[in-house]
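Visitor: Full structure from sequences and hints, please.
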Amino acid sequence: MINALRGMKDLTFEESQRFVHIITTAVSIAKRYGYGYIETPILEETALFKRSVGESSDIVGKEMYQFEDKGGNDVCMRPEGTAGVVRAFISAKLDRQPQKFKFYYYGPMFRYERPQKGRLRQFHQFGCESFAEASVYEDFTMISMIKDIFDALGIGYTLQINSLGCPECMPPYRENLVSFLTDIKEELCEDCNRRISTNPIRVLDCKNERCQSLLSSSPKLIHNLCESCDTDFAKLKALLDQADIAYEVDTNLVRGLDYYSKSAFEFVSSEIGAQSAIAGGGRYDRLVEFLDGRATPAVGFAIGIERIMGLVKLPEIGREGIYLGAMIPEAIDTLFPIAQQKRKEQKVTVEYNKKSLKAHLKGADKAGAKIAAVIGEDELKNGTIWIKDLESKEEQTLPLEAF
RNA sequence: GUGGAUGUAGUUCAGCUGGUAGAGCACCUGUUUGUGGCACAGGUUGUCGCGGGUUCGAGCCCCGUCAUCCACCCCA
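So for the first sequence, my numbering puts the first residue at 1; every next one is plus one.
Keep in mind that the hints were calculated from the coordinates and are not lab data. Heads up, the beta-carbon is just placed ideally off N, CA and C, and yes, glycines get one too. Don't take every hint at face value.
Each pair of labels, with its calculated beta carbon distance range [as the list claims (entries may be wrong)]:
no.	residue 1	residue 2	range
1	Gly107	Lys220	33 to 43 Å
2	Phe67	Ile317	38 to 48 Å
3	Gly318	Asp230	47 to 57 Å
4	Lys62	Asp230	52 to 62 Å
Guide: Below is the structure:
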């Protein structure tokens with residue numbers, strides 16, 4: 001027997017219903033916010049991710065499904081969605097248009113990690129990217145959209161926000177931080193020591209308690225923002241307050257991808273285990289430029305479908321449609337014209353074998369049908385059909401034309 | 001990549017100090033030969049993850065391997 005690969009899952013029945021429900025809910029809300037669908041390839045040139053996500057990230061460093069294709073190209077299964085959308089945006093030369101563009105997407109992402117609760121090798125994201133809108137109002141609007149989606153799905157969450165600064169205030173802060181960290185490096189954990197040179201900002205995120213206590217007196221970017229970043233962050237908080245959206249400022253919130261700047265946010269849930277982030281995003285004003293486009297400000301986010309799958313309240317669906325069956329072989333053929341007609345509007349299940357009335361009713365029950373319609377000897381002779389409403393238990397025999 | 005736990009019927013699990021497997025649920029059939037969801041009765045299903053080893057004998061012990069789960073790491 002061949003099993004699915006490690007970290008890859010099949011979805012059926014209730015799970016697949018949840019999946020579809022999440023996507024359709026998110027899509028309808030994104031459309032209301034003016035987003036249009038974008039589909040980009042799953043396979044991209046490896047260089048795209050190296051340049052966008054960043055070589056220092058774990059994603060690019062050790063988690064990519066990377067290989068050489070038959071034409072000798074260095075390719076990679078996308079580990080996240082933003083890079084591909086930005087690439088498509090630039091390829092279509094939309095960066096040269098004096099307009100704003102908003103796209104939503106959803107689909108599989110691939111990361112070669114050790115699976116655990118809420119972490120798969122093939123997982124799915126729903127995401128949005130907004131281009132050419134530099135205003136912090138857009139950051140706010142995006143958070144508000146995620147809130148709408150989670151509310152519609154009945155999901156509880158905590159919102160965490162932070163500002164990651166910009167090319168003006170980040171570099172001096174980084175130097176500042178590195179010198180602080182270097183002074184105490186003997187006491188920091190092994191991982192943090194490595195991070196001082198690779199990605200010092202991420203030291204702030206260390207889960208080691210000892211490191212955290214040492215870091216309490218570290219310089220905070222939030223207190224070293226340039227004027228523009230500072231006023232934008234203040235504005236974002238004000239807008240969230242005004243909209244009554246609860247949030248926590250988490251000065252240690254560091255997005256794992258290199259391309260973020262200014263606003264960063266993460267929605268977390270306490271109910272799903274260690275992998276608690278259910279959505280994450282932020283501003284990435286420089287990414288279009290990094291990928292050889294014309295400088296274009298942008299904001300985006302992604303929701304992890306599998307992460308919220310268990311949290312979603314699925315609307316209850318009752319009995320639906322019609323079950324058709326025959327009690328004698330000669331009546332079976334008469335079922336199909338009826339089915340054809342009824343399927344124009346309803347769900348129809350046809351049983352191809354003759355069965356006893358009892359067996360048909362059981363079958364109708366199992367099929368989740370609202371109406372059981374059966375043709376037996378008498379009905380065939382009289383050109384009628386026997387109907388039972390499985391909910392109200394009402395039954396009647398109707399002429400075929402009247403059904 | 002690291003650590004821990006677990007792998008027995010479709011599924012959830014039991015299986016005492018080693019003697020060639022059981023329960024609930026699900027499924028199928030019956031309980032007036034044309035009436036469902038309930039109840040009752042009966043029934044089907046397993047190379048006990050895989051490969052070695054110890055033993056007269058292993059689901060139970062040992063080694064290896066694969067997989068799953070949880071955590072670290074990282075992130076959606």
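Visitor: Each hint should be assessed against the structure and marked as holding or not.
Guide: Do the hints match the structure? See the list:
| no. | hint | in the structure |
| --- | --- | --- |
| 1 | Gly107 to Lys220: 33 to 43 Å | 37 Å, holds |
| 2 | Phe67 to Ile317: 38 to 48 Å | 42 Å, holds |
| 3 | Gly318 to Asp230: 47 to 57 Å | 54 Å, holds |
| 4 | Lys62 to Asp230: 52 to 62 Å | 36 Å, violated |
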